[in-house]
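Chemist: Spelled out, the chains give:
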Amino acid sequence: MKTALRFRAAVALALSMALSACFTMNHSFPSNTQFGHRPEASVSVQPVKDVAMKNYLLSGLLAYTSFGTKDLAKDPGPGRQLADVEIETQFNWFDFVVSVVPGLYYGYYVWAPRHVGFEGVVIERDAEVVAATR
Amino acid sequence: MRRRFRLVALALLLPTFGSGCYTVHHAYHGDKILTNGPGLERPTKVVEHFEAHDRQFFWIHGGIPTGEALNGLELAAQQAGEHPGVVNLKLKEGQGFTDLLITHVPCLLGIVCGTWSTWVEGDVVEYETPVAGR
Numbered sequence: 001m002k003t004a005l006r007f008r009a010a011v012a013l014a015l016s017m018a019l020s021a022c023f024t025m026n027h028s029f030p031s032n033t034q035f036g037h038r039p040e041a042s043v044s045v046q047p048v049k050d051v052a053m054k055n056y057l058l059s060g061l062l063a064y065t066s067f068g069t070k071d072l073a074k075d076p077g078p079g080r081q082l083a084d085v086e087i088e089t090q091f092n093w094f095d096f097v098v099s100v101v102p103g104l105y106y107g108y109y110v111w112a113p114r115h116v117g118f119e120g121v122v123i124e125r126d127a128e129v130v131a132a133t134r
Numbered sequence: 135m136r137r138r139f140r141l142v143a144l145a146l147l148l149p150t151f152g153s154g155c156y157t158v159h160h161a162y163h164g165d166k167i168l169t170n171g172p173g174l175e176r177p178t179k180v181v182e183h184f185e186a187h188d189r190q191f192f193w194i195h196g197g198i199p200t201g202e203a204l205n206g207l208e209l210a211a212q213q214a215g216e217h218p219g220v221v222n223l224k225l226k227e228g229q230g231f232t233d234l235l236i237t238h239v240p241c242l243l244g245i246v247c248g249t250w251s252t253w254v255e256g257d258v259v260e261y262e263t264p265v266a267g268r
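Chains D and A, in that order, are what the protein sequence lines are.
Everything in the first sequence is counted per our numbering, starting at 1 for the first residue and increasing by one.
Everything in the second sequence is counted per our numbering, starting at 135 for the first residue and increasing by one.
Calculated from the structure, these hints are not laboratory results.
Note that the structure is predicted; figures quoted are calculated from it, not measured.
Ideal placement from N, C-alpha and C gives every residue a C-beta, glycine not left out.
Check before you lean on any hint, since a few could be wrong.
[Unchecked claim] Computed spacing ranges between beta-carbons, pair by pair:
1) D:A41 x A:K224: 19 to 29 Å
2) A:K226 x D:R6: 34 to 44 Å
3) A:T157 x D:A10: 48 to 58 Å
[Unchecked claim] 27 Å max Cα-Cα, derived DSSO-like pairs, lysine-lysine:
4) A:K179 x D:K54
5) D:K74 x A:K226
6) A:K224 x D:K2
7) D:K74 x D:K54
8) A:K179 x A:K226
9) A:K224 x A:K179
10) A:K226 x D:K54
11) D:K49 x A:K179
12) D:K49 x D:K74
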């Protein structure tokens with residue numbers, strides 16, 4: 001009996017670990033986005049910034065697709081790109097309360113939000129990007 | 135009974151006040167070029183592919199971060215070394231298996247402490263023709 005219980009506990013622990021170990025956020029942006037150093041001979045068009053709540057299920061295993069989740073940065077269009085991009089991930093009060101309080105920490109496994117924001121500038125430039133050779 | 139209830143309430147309230155909006159800010163203001171695109175405006179050659187990881191330890195649900203702040207873009211720029219920049223940059227953050235183990239087991243579901251990680255991956259590039267002044 002004890003062995004069976006221990007086995008179940010071990011399986012439950014392993015399963016929850018395996019499921020939860022994926023709480024990673026990929027910060028993806030439109031192609032040719034520049035972080036930091038702005039390209040030479042570029043013209044700044046407009047500053048952009050946005051913040052969104054990213055929602056995750058099962059401690060991050062799955063991202064909710066239609067519950068407050070949206071793509072942060074949209075493609076600025078042909079001849080334009082994002083530059084000077086900075087990203088901020090915040091575990092703010094709301095995220096904390098949602099993750100922790102419902103169900104005395106079990107809420108974290110049901111709904112785990114984070115607030116992710118970025119800011120940068122849309123630039124225009126004539127030069128084409130030449131793919132690096134290997 | 136009342137004392138136990140108070141202890142539970144305190145245990146819940148402490149991290150609530152201490153959660154203090156754990157924030158990760160990815161920013162880079164140096165002279166390296168960091169892009170998620172396949173190349174730069176001039177022909178480049180890939181010098182090396184890299185994958186790097188950094189981890190931050192914090193107390194009380196992120197309320198008291200310790201050590202150097204996480205910054206994936208700074209970490210990517212460090213990988214460039216003497217070279218002008220990084221292309222095909224991928225940036226992500228969250229909790230990997232080790233973070234999860236630390237946060238959930240010895241840190242008691244993050245109430246006492248925890249860790250958060252950032253991962254970067256990309257290609258360090260060098261200009262195929264040297265740029266004047268560099």
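Chemist: Of the hints stated earlier, which fail here?
Modeler: 3, 4, 6, 11
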